[in-house]
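Participant: The residues making up each chain are set out below.
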Amino acid sequence: MKNGTNPEADRDQKICLSFNVEGGNFLAAGEASIRLKHTLQHIGYPASLIRRVAVAAYEAEMNIIIHADSGVLKAEVTPEAVTIWAEDKGPGIEDIGLAMQEGYSTAPNYIREMGFGAGMGLPNIKRCADIFEIETHVGVGTKIRIVIFNKQKTN
Amino acid sequence: MKVKEVVAALDLTVRSGAAKLERDITGAYVSDLLSDVMSNAREGNVWITLQIHPNIVAVASLLNLAAVIVSRGAEPEEATITKAEEEGIVLLTSREPSFEVAGRLYRLLHKG
Numbered sequence: 001m002k003n004g005t006n007p008e009a010d011r012d013q014k015i016c017l018s019f020n021v022e023g024g025n026f027l028a029a030g031e032a033s034i035r036l037k038h039t040l041q042h043i044g045y046p047a048s049l050i051r052r053v054a055v056a057a058y059e060a061e062m063n064i065i066i067h068a069d070s071g072v073l074k075a076e077v078t079p080e081a082v083t084i085w086a087e088d089k090g091p092g093i094e095d096i097g098l099a100m101q102e103g104y105s106t107a108p109n110y111i112r113e114m115g116f117g118a119g120m121g122l123p124n125i126k127r128c129a130d131i132f133e134i135e136t137h138v139g140v141g142t143k144i145r146i147v148i149f150n151k152q153k154t155n
Numbered sequence: 156m157k158v159k160e161v162v163a164a165l166d167l168t169v170r171s172g173a174a175k176l177e178r179d180i181t182g183a184y185v186s187d188l189l190s191d192v193m194s195n196a197r198e199g200n201v202w203i204t205l206q207i208h209p210n211i212v213a214v215a216s217l218l219n220l221a222a223v224i225v226s227r228g229a230e231p232e233e234a235t236i237t238k239a240e241e242e243g244i245v246l247l248t249s250r251e252p253s254f255e256v257a258g259r260l261y262r263l264l265h266k267g
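Going down the list, the sequences are from chains A and B. One point on numbering: in my numbering, the residue at position 31 of the first sequence is 31, and numbering is uninterrupted. In my numbering, each residue carries its 1-based index in the second sequence increased by 155.
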């Protein structure tokens with residue numbers, strides 16, 4: 001993801017970020033989410049909102065690293081909302097209903113020993129998101145879209 | 156209570172983030188599952204864990220935790236310490252298991 005950062009500030013209206021995420025690269029894991037978090041802190045988003053974005057982005061990023069060959073984490077930040085897209089080339093999800101159940105995981109043992117693969121990733125994302133969409137094709141990959149509204153902003 | 160007071164009281168070793176020991180602690184969380192920590196630890200918490208790989212730094216950074224205590228004499232990986240320094244994360248180690256560390260910390264945080 002060192003190559004992928006490209007903040008385009010639309011004169012404090014819209015910021016777009018894009019990060020390449022490499023499957024299996026646990027050393028760089030979390031870097032994209034940390035960059036997104038720093039961006040939100042820099043523009044003064046409320047802490048409670050930043051937390052939800054950080055959790056959702058991290059879980060989406062980790063899902064690519066744990067399960068996929070490669071992927072992209074993109075974010076669009078406006079005064080009203082943060083939208084995150086996580087798109088990967090990977091095995092896809094055979095049973096989304098099961099994957100959404102807390103505690104269900106297909107992660108291999110060596111990954112679980114690192115404390116990943118607790119079966120909490122997608123449920124965590126859903127809990128943090130105002131809008132959560134998932135599209136998956138077995139053997140092709142998975143796309144998710146997360147929207148978190150900046151509700152305090154409308155007051 | 157500040158991080159440095161916990162370091163002194165629990166006889167912890169500071170492995171990174173020595174400049175950030177003045178920070179106040181809001182509580183603590185004990186878990187070795189990263190998603191569980193992401194979901195349940197709060198800003199300013201101390202996180203007690205056996206995990207030693209660099210991703211504990213990413214979790215601590217994203218949640219803005221006050222410190223990570225690696226327990227039971229486990230040795231953080233070199234990459235973890237390096238990353239913690241880069242991210243400004245306080246990384247501490249203890250000889251004691253998580254139960255003892257948490258118990259002593261609980262007493263410290265809740266006395267009076």
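Don't take every hint at face value.
When the alpha-carbon atoms are kept at most 20 Å apart in a straight line, the in silico SDA-like pairs for lysine to any residue are as follows [said to hold, decoys possible]: (1) LYS74(A) x TYR110(A); (2) LYS126(A) x ASP191(B); (3) LYS126(A) x VAL169(B); (4) LYS266(B) x LEU188(B); (5) LYS126(A) x ASN195(B); (6) LYS126(A) x SER194(B); (7) LYS175(B) x VAL138(A); (8) LYS175(B) x ASP191(B); (9) LYS126(A) x LEU188(B); (10) LYS175(B) x ILE34(A); (11) LYS175(B) x ALA107(A).
Note that these hints are calculated values from the structure, not bench results.
Participant: Tell me, which hint numbers fail for this structure?
Facilitator: 1, 3, 4, 7, 8, 11
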